[in-house]
Amino acid sequence: MICRLSEMTFLSCNEIYELMTDLGYTQTNTRKYAHEFKLKNGQYIYVKRLEDNQKEYLSRLD
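Under the working numbering, residues 636 to 697 are what the sequence shown spells out, in order.
Careful, some of the hints might be misleading.
To be verified - Restricting the straight-line Cα-Cα distance to at most 16 Å, the calculated cross-link-like pairs of lysine to aspartate or glutamate (EDC-like) are: (1) Lys673 x Glu653; (2) Lys683 x Asp657; (3) Lys673 x Asp657.
Think of the hints as simulated: they come from the structure by calculation, not from any bench.
Please read these numbers as outputs of a predicted model, since none were measured by experiment.
Make a model of the complete structure from these sequences and hints.
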């Protein structure tokens, strides 16, 4: 499934977690990020929370 968004949007960590678990991926036990998923091909997806002090960076992306 490929999703293309017309404008940049951000998903919350909980939304990403729900989507990944709905797709059948399980979260790894050891992780440094908000969520870490191992894909079937052995690669990993890391989900990191954006901190409040990064709002300036986010505003430049708009």
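Do the hints match the structure? See the list:
1. Between Lys673 and Glu653, the direct Cα distance comes to roughly 15 Å. Compliance with the 16 Å bound is thereby established for this hinted pair.
2. Note on Lys683 and Asp657: the hinted pairing is violated, with a Cα-Cα distance of about 19 Å set against a maximum of 16 Å.
3. For a cut-off of 16 Å, the pair hint linking Lys673 to Asp657 stands: about 14 Å separates their Cα positions.
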